[in-house]
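Student: Residue strings, one per chain:
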Amino acid sequence: MLDDADRRLLRYLQSDPTAPVSELAERCAMQPATAARRLEKLSAKGILKGQHAVIDWGKLGFAVEVSLRFTLDKTAPRAFDEFQDAARLIPEVIAIQTFLGRVDLRLSVIARDMAHYQSLYRNQILTLPHIAEVEALMHVATIKTTETLPI
Amino acid sequence: MSWDATDFAILRALGADATLSAGALGRDLGLSQPATWRRIKRLQDEGVLAGRRVDLDAEALGFGVTVFLGVKLATKGRVSLEDFERAVTAIPEVQTVQHVLGLYDYRLRVVARDLSDFERVLRRRVMTLPGVGDVEANVLLSEERLAGPL
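Chains as they are written, first to last, in my numbering: chain A, 1 to 151; chain B, 152 to 301.
Bound-form chain B, shown alone:
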């Protein structure tokens, strides 16, 4: 699949605001509504546009703390990765789970109401996961999403 500058412009716009209509987007790009819609459809069909996410003010909703955990498995081989992954994805406070190579085996993004709530999640949910070994925690202070190479 090859993509041109107009496709990239569409991705950049939708990456900032996914609720833009094909009509509004087309007007900004100098394209007709049907032409814009066809391009969006193609980006969706090819999986480049992989859904939408709702942006919420986590703090206003009572989630004051986001922590990234680096998790190393202690007993590789004895506990299957599938068991760990199944258990960790079931924790509602765990927003993302990434399997990584390097210092840690997994990288988790965890939300909590405050630090003591985070401690509860860490002790009762994370430290009790099958095979869990070393855990490193870093509290998120700020986060910035960038448009990327578009």
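For reference, chain A alone in the conformation it holds in the complex:
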């Protein structure tokens, strides 16, 4: 479905998302019109879905980031849906992931400081439905975060 030229284009685009089409084309040794057409086709097929800006929450004053890992009480039939619906309403939750493994679900939570985190944790997180177990991983540093695919 994808050929080498498509892969090359996506690889360069991933490493430099703001590069103009003319520059991508040059790096891939193809005509700008060809590159533009290929990118359009990749978008139309839904392979290239778009771009999003990365927000540095620390710079906005959210110094604390915590990964909260949950196991849910699966005897409740709609445990996942109800938990996720409730978690979505907490503004400080910036990501929700579900898993197959020892952990059922993970929330990325940000807070201004530890006092703020403590109040969030007590008043909003622990009151989420169907929690069987929760454990926290406090982020110290992000060493690598390219999230590029090794195409």
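Do not rely on the hints blindly, as some may be mistaken.
What the hints assert, rightly or not - Restraint-style ranges between C-beta atoms, simulated for each label pair: (1) Arg102/A x Arg264/B: 39 to 49 Å; (2) Lys74/A x Ser231/B: 36 to 46 Å; (3) Arg112/A x Arg274/B: 15 to 25 Å; (4) Arg271/B x Arg11/A: 13 to 23 Å; (5) Asp16/A x Ala156/B: 26 to 36 Å; (6) Ala86/A x Arg271/B: 17 to 27 Å; (7) Leu2/A x Arg178/B: 28 to 38 Å; (8) Gln195/B x Gly50/A: 11 to 21 Å; (9) Ala211/B x Ala86/A: 44 to 54 Å.
As the list claims (entries may be wrong) - With a Cα cut of at most 16 Å, we get these calculated EDC-like pairs of lysine to aspartate or glutamate: (10) Lys45/A x Asp285/B; (11) Lys144/A x Glu233/B; (12) Lys49/A x Asp208/B; (13) Lys59/A x Glu287/B; (14) Lys41/A x Asp208/B; (15) Lys59/A x Glu233/B; (16) Lys49/A x Asp285/B; (17) Lys49/A x Glu295/B; (18) Lys223/B x Asp285/B.
Read the hints as simulated data drawn from the structure, not as lab findings.
Just so we're clear, the structure is a prediction, and the values are computed from it rather than from any experiment.
Cβ coordinates follow ideal geometry from the N, Cα and C atoms, glycine included.
Keeping the supplied structure of chain A fixed, place chain B upon it in accordance with the hints.
Tutor: Coordinates of chain B only, in the frame set by chain A:
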């Protein structure tokens, strides 16, 4: 630095679609193109807008499996964190590396073509990292990014 509701609206919009032009964004917010551009520039200069990411359909590109690994170092002190970090960031299938406090020392996001490809990455690349101890794997089923407190 202080940010107002308009800055937050810009972040929310660009967080969903980073390719929006200052003109288009300004029209939605009732701002002029130059005023919008100045705000975006300030958010970039202060590091709040920290670059862009391309959203790809990983599955269509042949990456069917994403696994999160919790890694505990076995021999802290003997192997330096720098050695571990240098080696782990060099693995192309490892997308993110976070140093954490708690049950594990590091949290890794790994992409693979399928489960057997993941097994290869785990055995040949991850388990052979300097100082690696306990490893816990959880296979990602779904993922949802939210706008956050904006």
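Student: Each of the hints needs a verdict: does it hold here or not?
Tutor: Here's how the hints hold up against the structure:
1. The supplied range of 39 to 49 Å is broken by Arg102/A and Arg264/B, whose beta-carbon atoms lie about 24 Å from each other.
2. The hint said 36 to 46 Å for the Cβ distance between Lys74/A and Ser231/B, and at roughly 41 Å that hint holds.
3. Hint check: Arg112/A to Arg274/B, Cβ distance near 42 Å, so the stated range 15 to 25 Å is violated.
4. With their beta carbons about 21 Å apart, Arg271/B and Arg11/A fall inside the hinted range of 13 to 23 Å.
5. For the pair Asp16/A and Ala156/B, the supplied restraint of 26 to 36 Å holds, since their beta-carbon distance comes to about 32 Å.
6. For Ala86/A and Arg271/B, the Cβ-Cβ distance of about 39 Å falls outside the hinted range of 17 to 27 Å, so the restraint is violated.
7. Take Leu2/A and Arg178/B: their Cβ atoms lie about 36 Å apart, and the range 28 to 38 Å holds.
8. One distance hint, 11 to 21 Å for the beta-carbon pair Gln195/B and Gly50/A, holds here, with the actual separation near 19 Å.
9. Range check, Ala211/B to Ala86/A: about 32 Å between beta-carbon atoms, so the 44 to 54 Å window is missed.
10. With a CA separation close to 41 Å, the supplied pair Lys45/A and Asp285/B exceeds the 16 Å bound.
11. A C-alpha spacing of about 13 Å is found between Lys144/A and Glu233/B, which places the hinted pair at or below 16 Å, so the restraint holds.
12. Straight-line distance between C-alpha atoms of Lys49/A and Asp208/B comes to about 7 Å, which keeps the hinted pair within the 16 Å bound.
13. For the proposed pair Lys59/A and Glu287/B, the alpha carbon gap of about 31 Å is over 16 Å, so the pair is violated.
14. Using a Cα cut-off of 16 Å, the hinted pair Lys41/A and Asp208/B holds, with the two alpha carbons roughly 14 Å apart.
15. At most 16 Å may separate the alpha-carbon atoms for a hinted pair to count; Lys59/A and Glu233/B exceed this at roughly 25 Å.
16. Straight-line distance between C-alpha atoms of Lys49/A and Asp285/B comes to about 36 Å, which puts the hinted pair past the 16 Å bound.
17. Simply put, Lys49/A and Glu295/B have alpha-carbon atoms about 15 Å apart, close enough for the 16 Å limit, and the pair holds.
18. Restraint check for Lys223/B and Asp285/B: the C-alpha separation of about 5 Å stays at or below 16 Å, so the hint holds.
The structure shown violates the earlier hints numbered 1, 3, 6, 9, 10, 13, 15, 16.
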